[in-house]
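*Asks:* Starting from the known structure of chain A, arrange chain B on it as the hints suggest.
Here the protein sequences line up with chains A and B, keeping their order. Offset between the first sequence (1-based) and this note's numbering: plus 1005. Offset between the second sequence (1-based) and this note's numbering: plus 2.
A couple of the hints might just be wrong.
[Stated by the list, open to error] A few chain B residues facing chain A, derived, Cβ under 8 Å:
#	residue
1	Phe13
2	Phe18
3	Ala29
4	His33
5	Glu55
6	Gly59
What the hints contain is simulated information worked out from the structure, not anything from laboratory work. Note that the structure is a prediction, hence the values are computed from the model and not measured. Note that CB positions come from ideal geometry on N, CA and C, so glycine has one too.
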Amino acid sequence: MTRNAEAALLVGAAAVAAFGVALVNLARGDGIDAQVALTFVVMLTSFGGFHLAVRQWSPEASPFLLPLAAIITAVGFVEVYRLDQGRASLQRWWLLIAALLAVALLFTVRQTGLAPLRRYRYVLLLAGLLLLLLPLLPTDWAFPLRGFEQNGSRLWIRLEIGPLRLQFQPGEIAKLILAAFLASYLSERQAVLAAHTRPLGRYRLPELRQLAPLVIAWAASFVVLVYQRDLGASLLLFALFIAMLYAATGRAVYLASGGVLFGAGAVIAWSSLSHVQRRVTAWLDPFADFIDTGYQIAQSLFAFGSGSLSGSGLGLGAPDRIPNATTDFIFAAVGEELGLAGSVGIIATFGLLVAVGFGISLRSRDTFRKLLAGGLAFVLGLQTFLILAGVMRLLPLTGITLPFMSYGGSSLVANFLLLALLARISHEERA
Amino acid sequence: MPALLLTLLKFIFIAFIYIFVWQVARAIGQHVGTGETGRRRKPSNQVVIVKSETQAGMDIAVRDAVVLGRSPEADIVLEDPYASEFHMRLVRQDGGILLHDLGSTNGTYVNGRRVGAPIALNKGDAIQIGKTIMEVQ
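Bound conformation, chain A alone (with noise of 0.2 Å):
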């Protein structure tokens, strides 16, 4: 595909997105008005301006990331859009603003490209703990840095300077930092990691120090799921740890050590912590406590059954009686106004988004580039995979953000800037 196919492919998306707009506007038996112009803009900006810089910077990155990430976006402003307009406002504005970081993230290393990321690690390491770190900051404190506390999860820092007040879940942006620390750190330590192992029976298995960073990892992921009560976080982290340790080796020993310590991990928490039960009672039986705990729950799956095949069409549905439908329940408002068939068509785009993810990775010759594509486009898959599998009740619920799709701001930051590198890393295989 050319880079020009990809730019029509873009102005398609943000068509898609208009013309959705206009959908709920006419069902709602209002005229059409000035929101679906300005949609279209923004759309049409944003992903034209990351196109230029990728165009301008990265000229040989892979040119299947940004319809793909393009179209998710419009559908999922969309259904923000039918939810609540206030926050489909703001969520255009951050959409620019992603969009911007991520054109001067392609600008800062136009250069030097990801060398300063491999160079770096200890100092990503330390950035990517205090960002995890930081919503432990206290409320009431003189700082105007403060941490805060939401839907019983302390994942929130808010800035607070006179007027101006500015709220991030730094998170988010953990992931992707302690993701390049571990490409940098494992592709230096992949052969002694692999190599240095100690015979049992038929097995061989690593010297049991080799296993010290998997066992801080596991802790500093419990730190997070008890402290934090951020139980998708806290996933995410200890499993993109496993994912980069298994396919930096590719020792299965890690992989199953890995999972012993996440089973462990999950008895514990599930009979010491409040917070853990109560996710996995709504996920067993939503409907016997359907008032309280599993109202969440019970109501997404009702927009599923609902939504049928082809769904209500955009605006006419319910969506509204989910709690938290532009968050972490965004995929429940696609199934109930656009049915299965809408559904799954945003599922395989994801499923294709992490594929070219993985391609990019496969393709890398580099062992840190390899690594920090193959965690770029795990954890992206995961992520979705998680809130997909929470929202369907096929998992319990984790409370994570659907990539592209969710509203917030960290969160499409997050996910434009992972774009941006794995556009980076495309581009400098092929340079």
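*Replies:* Chain B only, in chain A's frame:
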């Protein structure tokens, strides 16, 4: 707005999503297709490491001659403790590849047989050095 029209527009919206994704998927398919066939059209001019602890997936293009070994001086450095410093040489000859073992300690195996005299490689042959396995493509 009549309900029938809205239903029709809903199907058009969903159709747009599918047409869009189909376009991208087809382009990805073509991209993968040309990448693979482009490589395979020319008879065996490259060797790919298929199994190795650290180098799996690496392509070794054989233009004139390449020396593989554990030494940093080798053209292709094998990260395998069982490889000799200069283990083997692959030479382009008559449109094919000829393999010379350079007197390696642990030997070079082609399809499971230890190489003595230089041997011509065919597409699909498996070359093993220590724990590293390569395939001729």
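*Asks:* It remains to establish, for every hint, whether it holds in the given structure.
*Replies:* Right, here's what the structure says about each hint:
Hint status for B:Phe13: holds, given a least beta-carbon distance of 7 Å to chain A, under 8 Å. The beta carbon of B:Phe18 is positioned within 8 Å of a beta carbon in chain A (closest approach about 5 Å), and the interface hint is therefore held. Annotation: interface hint on B:Ala29 holds; nearest CB of chain A at approximately 4 Å, less than 8 Å. For B:His33, the suggested interface contact is upheld, since its CB lies about 7 Å from the closest CB of chain A, less than 8 Å.
Look at B:Glu55: its Cβ gets to within about 4 Å of chain A, closer than 8 Å, so that hint holds up. Restraint check, B:Gly59 versus chain A: the minimum CB separation of about 7 Å is within 8 Å; hint holds.
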